[in-house]
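Full structure from sequences and hints, please.
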Amino acid sequence: MKRKFTPRLLGPALLALLFALLGITWVYSQDSPANSSLSSPDTPGNTSSQVSAPLGAAFTYQGELQDAGQPASGIYDFSFRLLDGPDPMSDNQVGSPVAVNGVSVSDGIFTVELDFGAGPFTGDARWLEISVGRDGESLTTLSPTQPLTAVPYALYGEDADADPANELNSGINFIGTTLQVTDAGGTLTQNLGTFNGNLVITANGRLGVRELSPITDVQITQSDGLIGGTGGLTFSRSTNWKIMHTGSHLSFVENNVRRSYIETGTGNYVTVSDATKKKDVQPLGTVLDGVMQLQPVQFHYLTQDNSAPSNYGFIAQDVAAVFPDLARTAEDGTMGLSYADFGVLAIASIQEQQAQIDALQKENEALRAEINDIRSMLNQGNTTISSTTSASLPAAPLSASALRPDGLAGSLFSSWAGVVLLGLVLLGGMLFWNRQQRGSLS
10 MKRKFTPRLL
20 GPALLALLFA
30 LLGITWVYSQ
40 DSPANSSLSS
50 PDTPGNTSSQ
60 VSAPLGAAFT
70 YQGELQDAGQ
80 PASGIYDFSF
90 RLLDGPDPMS
100 DNQVGSPVAV
110 NGVSVSDGIF
120 TVELDFGAGP
130 FTGDARWLEI
140 SVGRDGESLT
150 TLSPTQPLTA
160 VPYALYGEDA
170 DADPANELNS
180 GINFIGTTLQ
190 VTDAGGTLTQ
200 NLGTFNGNLV
210 ITANGRLGVR
220 ELSPITDVQI
230 TQSDGLIGGT
240 GGLTFSRSTN
250 WKIMHTGSHL
260 SFVENNVRRS
270 YIETGTGNYV
280 TVSDATKKKD
290 VQPLGTVLDG
300 VMQLQPVQFH
310 YLTQDNSAPS
320 NYGFIAQDVA
330 AVFPDLARTA
340 EDGTMGLSYA
350 DFGVLAIASI
360 QEQQAQIDAL
370 QKENEALRAE
380 INDIRSMLNQ
390 GNTTISSTTS
400 ASLPAAPLSA
410 SALRPDGLAG
420 SLFSSWAGVV
430 LLGLVLLGGM
440 LFWNRQQRGS
450 LS
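Residue numbers are given in this note's numbering: position 58 of the sequence shown equals residue 67, and the series is strictly consecutive.
If you're looking for bench data, these hints aren't it; they were derived computationally from the structure.
Some hints could be false.
[As the list claims (entries may be wrong)] For lysine-lysine, the following DSBU-like pairs were computed, each having C-alpha atoms within a straight-line distance of at most 35 Å:
id	residue 1	residue 2
1	Lys251	Lys287
2	Lys288	Lys251
3	Lys251	Lys286
[Claimed, not checked] Pair ranges (Cβ atoms, derived):
id	residue 1	residue 2	range
4	Pro333	Thr230	36 to 46 Å
5	Tyr348	Gln313	10 to 20 Å
6	Asn265	Glu340	21 to 31 Å
7	Gln313	Ala66	53 to 63 Å
8	Glu374	Asn315	53 to 63 Å
9	Asn265	Gly117	52 to 62 Å
10	Asp124	Arg268	17 to 27 Å
11	Thr225	Asn277	21 to 31 Å
12	Gly352	Glu379	34 to 44 Å
Since this is a predicted model, take the numbers as computed values, not measurements.
Cβ atoms here follow ideal geometry from the backbone N, Cα and C, with glycine treated the same way.
Okay, structure coming up:
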């Protein structure tokens, strides 16, 4: 009898075929190297199931080695020791030494991996002592020891792995406008400060101190404007310099003493010169001779282009030879000048020169008076020569006024013309006398 294919047999047949195909695919995937990353959890390509290895305690140390003053090259053996101080003779070794042999050194550079374990790095400072020698030879200890930086300490974030002592969701709180950090046990609390409205960093990179909306890169509203207060910018070293707004002016303050300020409204630089701020005040003395020795010059600074306008001034060393107090020496030995003091020198020189001018004027006036007196005596033309005899002279002692020439003689002696005329009279008399003598001889 001939059998017929009926639809009732189609479903089971298709189901059996599907299971057969799935079985073949599974077997193929187990044996195919191309698909091994899909099933092997140990393959590097399977990042979804790969287990990360724990971070070790080793760190990389790179150095430069010189042999006989030249960069070393070749194979060298090293030994490293950790110390708790820089002196190998007095300080203690921490942990065990680490020997690294057969290290390749090229042009003096070598790199080694050191593993002292995490135990020696407890937060205290550590120094590394290095001993080195050629491959197979004895080692030489290098000096000095090398301080280790904080890099080896970055081995573990020991309490950042959900440790309750550092859980962010239980240790940081806002109390009003104060940021407060507390450990999980509540035994330690640290206030980081009230910052709402006091410190702002905007999205466009501006910083505001007590300014919610800074309009410049850095904008500060001072806490106060007192010289000895908390406002302003302080730069500390051996002395404290502060730049601050003191209410009207921009002041420069050293150790709570205002030295100078930029005046509001004019921009003038003003140096404090109050009498109550000074001591040992004395007159300056004569400066004119020294000022005359100064040599003004024009120049360019080394950093200026030659086409830049020339600067006018003095050479500090030249000025120091005449006025030592005007020269200043900076921390690096560079000399400078206090040009503000040159105005004082100029005024003192003008005053000194004016005193000399006044003295010359008085001297000239005295000389002019004497000349006028002489002219007055020479120009008297109203006197006459007295023809009286000695018997007619007054019997009383002669006074200065009685001896004054009178008549024609006085007129003759009172001017140069009179002197010339008198000379002519005398010459004529001599000629007349000479003629009389010749006549008597003949």
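Outcome of the hint check:
Under the criterion of a C-alpha separation no larger than 35 Å, the hint pairing Lys251 with Lys287 is consistent with the structure, at around 21 Å. Simply put, Lys288 and Lys251 have alpha-carbon atoms about 24 Å apart, close enough for the 35 Å limit, and the pair holds. Simply put, Lys251 and Lys286 have alpha-carbon atoms about 19 Å apart, close enough for the 35 Å limit, and the pair holds. The supplied range of 36 to 46 Å is met by Pro333 and Thr230, whose beta-carbon atoms lie about 45 Å from each other.
Tyr348 and Gln313 have their C-beta atoms about 18 Å apart, which keeps the hinted 10 to 20 Å range intact. Checked against the hint of 21 to 31 Å, the C-beta distance between Asn265 and Glu340 comes to roughly 22 Å, which is consistent with it. Separated by about 57 Å at the C-beta atoms, Gln313 and Ala66 satisfy the suggested range of 53 to 63 Å. About 55 Å separates the C-beta atoms of Glu374 and Asn315, a value consistent with the hinted range of 53 to 63 Å.
Between Asn265 and Gly117 the CB atoms are about 53 Å apart, so this pair conforms to the stated range of 52 to 62 Å. In this structure, Asp124 and Arg268 break the distance hint of 17 to 27 Å, their C-beta atoms being roughly 57 Å apart. Range check, Thr225 to Asn277: about 24 Å between beta-carbon atoms, so the 21 to 31 Å window is met. Distance hint check for Gly352 and Glu379: the Cβ-Cβ separation is about 42 Å, which falls inside the suggested range of 34 to 44 Å.
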